Amino acid sequence: MHDEKVILQVNDLKKYFSLRTGFFSETRYIRAVDGVSFELYKGETLGIIGESGCGKSTLGRSLVNLYNITSGSVLYNDGDQKINLINANDREKKNYTKSVQIIFQDPFSSLNPRINVFETVAEPLIIHRYPKEEIEQKVSEVIAQVGLRDEHLRRYPHSFSGGQRQRIGIARSLIISPKVIICDEAVSALDVSVQAQIINLLKELQARYHYSYIFISHDMSVIRHICDRIAVMYAGRIVEFGTKEEVLNSPKHPYTEALLDAVPKISNRKSKGKRKILSGEPPDLSRERIGCNMFERCGYRIDACQATPMKLSDVGSHHLTACMRTKEIQLNGLSIEAKQP
Amino acid sequence: MGSFSNSSSVINEEDKNFYYATQWSLIRSRFRQHRLASISLIFLGLLYLFAIFSDFLVPYSSTQRFSKYNFSAPTSIYIYDSEAGFSSPFVYGQKKILDKKTFSWKYEPDLTKKVYIQFFTEGEEYSLFGIFKSNIHLFGIDEETPVFLFGSDRLGRDVFSRTIHGSQISLSIGLVGVSLSFLIGILLGGVSGYYGGYIDDLIQRFIDFMISLPTIPLWMAFSAVLPRDWSSLKTYFAITIILSIISWGPLARVTRGKILALREEDYTLAARAAGASTPRIIVKHLLPGFSSHLIVSITLSIPGMILAETALSFLGLGIQPPAVSWGTLLQDSQDLMAITNQPWLLIPAIFVIGTVLLFNFVGDGLRDAADPYS
Amino acid sequence: MQRILEVKDLSINFYLREGVVHALTDVNFEVFENETLGVIGESGSGKSVTVQSILGILSQPPAKIVSGSIRFEPESRNLELNLLPTYGDTYRNVRWNDISMIFQEPMSSFSPLHSIGDQISEALTLHRPELSETDVLSVCLGLLEKVGIPSPAMFFKRYPHEFSGGMRQRAMIAMALVCNPKILIADEPTTALDVTIEAQILELLESIKSEFNMSMIYISHDLAVIGEISDRILVMYLGRVVESGVADEVIDNPLHPYTRALLKSIPKIDQPIESLDPIEGSIPSPFEVHTGCPFYSRCTERLGEICLRQKPAHKTYNNGHKVSCHLHA
Ligand SMILES: Nc1ncnc2c1ncn2[C@@H]1O[C@H](COP(=O)(O)OP(=O)(O)OP(=O)(O)O)[C@@H](O)[C@H]1O
Ligand SMILES: Nc1ncnc2c1ncn2[C@@H]1O[C@H](COP(=O)(O)OP(=O)(O)OP(=O)(O)O)[C@@H](O)[C@H]1O
Ligand code: SF4
Ligand code: SF4
Ligand SMILES: [Mg+2]
Ligand SMILES: [Mg+2]
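Residue numbers (this note's numbering), protein chains in the order written: chain A, 1 to 341; chain B, 1 to 374; chain C, 1 to 329.
Next up, chain A with everything else stripped away, as it sits in the complex (with noise of 0.2 Å):
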């Protein structure tokens, strides 16, 4: 599937949001991503899933270096240049930028509907100063390659469909050539029926530029559809970590075993009823916490959890799981087979 090069090196990655509510208010912080770590090989998809608020697109955006992150580190490697985000100059963030793209979610605020779609698709080349015909050339060229025509260029976002929008934001992303894309929420604006065409096509890319995706979502189906590694997020930190066949098989963290009870079930007609349901809410992100921060939801709860710090541990065959009970109790994970296509 893939090799065994990392391409991505995320450390202890924190991103904190100030909030001040008014003029003389003390500040408080939110912590949207708080000591996040994991590495993405090249060539492979890496799955963030993991409930509204809980901190994804703040990692997806620190990634592309929209935020400022607060502390942490991101390593940069495909082979021919290494480059560290957090001390990059002027020149190696421009490399970083060209080498990783990000696709946003709404295919109706991510274009500007005052540009047409040629303009829309040339400003990462024109931003990075690419000569003329270099840049009607590629243009030309993805525009195919994300399955939309030359006629469609002079066209104005106003025109198109969700589905068609999302192509010309795919096309944006994919025209500097990066080599790590990150989806976030890449397909869940579309309509169901659009849906698959675009998951194909980014797997269609994949095959045929080997290009490595984080792909964010909080729909386990796609999730499992897509990705060959799975990253469960809650509340700004990791909770579980491994390939897709254990975590979904034989989850290690009860998050992740009440996410996949969640998930609606096409077939769970006769079972109705039957669940075991994560009871409350996501916990406040300004609170500064110890222990497990999925304390106040967990039916597996102990006093301890609460004082021991949390902390990734490996179960086995590189899965890892905050939970520290997580050999204590069973956990049911999806019963079915997930063999790949």
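None of these hints come from the bench; they were simulated from the model. On a predicted model such as this, the values are computed, not experimentally measured, just so you know. Hints may contain errors.
[Stated by the list, open to error] No more than 27 Å apart at the CA atoms, straight line, and that leaves these computed lysine-lysine pairs for BS3-like:
#1 C/K64 / A/K203
#2 C/K311 / A/K244
#3 C/K311 / C/K64
[Stated by the list, open to error] Derived Cβ-Cβ restraints for the label pairs, each shown as a range:
#4 C/G88 / B/L315: 42 to 48 Å
#5 B/G45 / A/E204: 53 to 59 Å
#6 A/S279 / C/E305: 56 to 62 Å
#7 C/M1 / A/S279: 30 to 36 Å
#8 A/R287 / C/M1: 47 to 53 Å
#9 C/V20 / A/E288: 57 to 63 Å
#10 A/K132 / B/G45: 39 to 45 Å
#11 A/E328 / B/S277: 51 to 57 Å
Each residue gets a CB set at the ideal place from its N, CA and C atoms; glycine is no exception.
Following the hints, complete the assembly by docking chains B and C with the ligands onto the known chain A.
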């Protein structure tokens, strides 16, 4: 038909126009559907044209006095005469007679004296735009029998000529004033919105303060300290500045709000993720995004400026004679006597009201058309 | 089973400046007592318009009911809802007492100015004026408890913005239940919520439904949710019901090419991973007029001329499975 593809290869002309429509052409076509606004825009255009070419359009300068003819009612123009039948437009001379009952002077047409109106006639010399010297006027009449389309005032000056001359100041002060407050507003609002944080807080509180000030007393205070001996041009600019200092607040608000929203739009983020510089983002993604909204706000704040100038001048605090604006013209109709006996002195007020309404209609139309992507 | 609602040949158009939108075309369905009818369809398929017309909350104009009828309790009371004045007393009573509704965005269904408790008790006093103040309070607290709001007495005086999305949706459900309605309509009540919260709400609706002996119309564009919650399923495409039937039938033995394509195009968590078969093209513009089958431009099983030119008729199989497609003539 058998093949499985989107049948979009045949594009008809109408679709094409829609597909390739830019922001401005979409706005234009939406604006055109707004009947009242489109008509208002035409009338506004005409008003401004009149103002620009006022020297040519009117027969007299704003200061020319016909001392024999004070408080003359609007002159009637005839094209028919029982003796000569139809002819080119003419007026009758006027004779002044004493009303025996009220003991006041009245003018009556002197049917014996018939004077034809001349077109493109020579008259007082003026210079168009300060460059082209000319003495040709659209219409005129010989010196002895003046034509007063809107009557004459206390000193026998033609109200029509003065109204059209006055529109130069009244109409331009709105534009100039708004451009000034637009500059201040866009700058402070832009900084406030783009940088956020403490700067934003500071500017916003300052705007709050400016908006909370009572405007009329403040204007009066400001204008009262203007030296009386300044030239009318100086006074004009001083007044403009006073007006705009106070009215930039709301514009800055609009700018800030829009920038805040657009800064978080995914397409702005996408540009940043692609490495775009701040100036590029501002010029390419932010400015076009709110320019249409700014135009709306500007259009809607011009009438306020015009009214403010009129009010100040009406109170004698604004434009000083001999310069004329609609406000100074209305000074003449300050007392009840004038309104009952010389109602034509109120004609400039009709212009003020009309202009304000026209601007508001246009603004409404623009507001509906401004966001073609909603 | 008794029918409690019958919608027959309902067509609704929107007359807009840009043209006419045929939002619904000959929509037929019924709701039985104590069942959950799941309505699935993509954006613009007319799901919301359907339920808005049942509740009489369509904005008319621009909407206009062109033809058809909506009957409530056709066997007993036989109220013809489409003929009632929408602001009249009868309809008003139907709206809370007999049919009530929960929306996708619960924030906009509460007024930000009053506490949640006040709004729920107001809804109750409006329809049951005979209740004393203490009775109202105890009924409301009971309801809030039933929908799973912890310590209802404490939450009673809170304002909508102090509630999380899930809590607000629970409060909305409590408000919809004040009059013991016979039908509860849920228009994408969980689309804005997280999966774990969605599961909580689905569970809640399920238990409430049997406790209150209601029927439910559940609308969603998520086939998995519909599959999970429904007894019967209605599949809509571009303002038409293309297929309907018992849930097992529709999911396991889909008859309409659109349903089949939809099932093949979505990733399913509970089945082996297969490559997805997307539906090509995109949903046509709502202004487009279709002389034949509305799915024609995207259908892989189309028959040619007949599908393009002729509207497919409704075909009903013995087990109540209905489909509207030329393949099933
Ligand atoms: N610019 C910002 N300023 C302050 N707080 C922010 C900002 N962006 C995000 N947050 C907060 O950070 C937390 C994480 O947000 P984020 O958008 O990363 O979540 P997410 O996992 O992407 O959620 P979703 O699934 O809803 O997109 C949230 O509590 C959010 O309110
Ligand atoms: N108030 C309205 N004005 C104009 N057109 C409308 C209005 N409401 C609905 N429509 C049109 O009617 C059609 C059906 O809309 P409806 O809201 O019922 O779709 P839906 O199935 O609920 O979609 P969604 O999943 O997006 O909620 C659409 O084409 C829509 O454009
Ligand atoms: S550490 Fe304790 S509270 Fe946290 S998930 Fe594990 S069992 Fe639950
Ligand atoms: S009627 Fe024809 S085009 Fe329509 S769904 Fe059936 S086979 Fe396809
Ligand atoms: Mg997000
Ligand atoms: Mg809807």
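These are the hints, each one checked on the structure:
Restraint check: the Cα-Cα separation between C/K64 and A/K203 comes to about 45 Å, which exceeds 27 Å; the hinted pair is violated. The straight-line distance between the Cα atoms of C/K311 and A/K244 is roughly 46 Å, outside the 27 Å bound, and the hint therefore fails. Of the pairs offered as hints, the one joining C/K311 and C/K64 holds, with about 22 Å between alpha carbons and a cut-off of 27 Å not exceeded. Separation of C/G88 from B/L315 is about 57 Å and departs from the stated range, judged on CB atoms against 42 to 48 Å.
A hinted range of 53 to 59 Å for the beta carbons of B/G45 and A/E204 is consistent with their spacing of about 56 Å. Distance hint check for A/S279 and C/E305: the Cβ-Cβ separation is about 57 Å, which falls inside the suggested range of 56 to 62 Å. Between C/M1 and A/S279 the Cβ separation comes to about 34 Å, which falls inside the hinted range of 30 to 36 Å. The hinted window of 47 to 53 Å between A/R287 and C/M1 holds, with their beta carbons roughly 51 Å apart.
Under the hint 57 to 63 Å, the C-beta atoms of C/V20 and A/E288, about 58 Å apart, fit the expected range. Hint check: A/K132 to B/G45, Cβ distance near 40 Å, so the stated range 39 to 45 Å holds. For A/E328 and B/S277, the Cβ-Cβ distance of about 55 Å falls inside the hinted range of 51 to 57 Å, so the restraint holds.
Checked against the numbered hints given earlier, the structure breaks hints 1, 2, 4 and satisfies all the rest.
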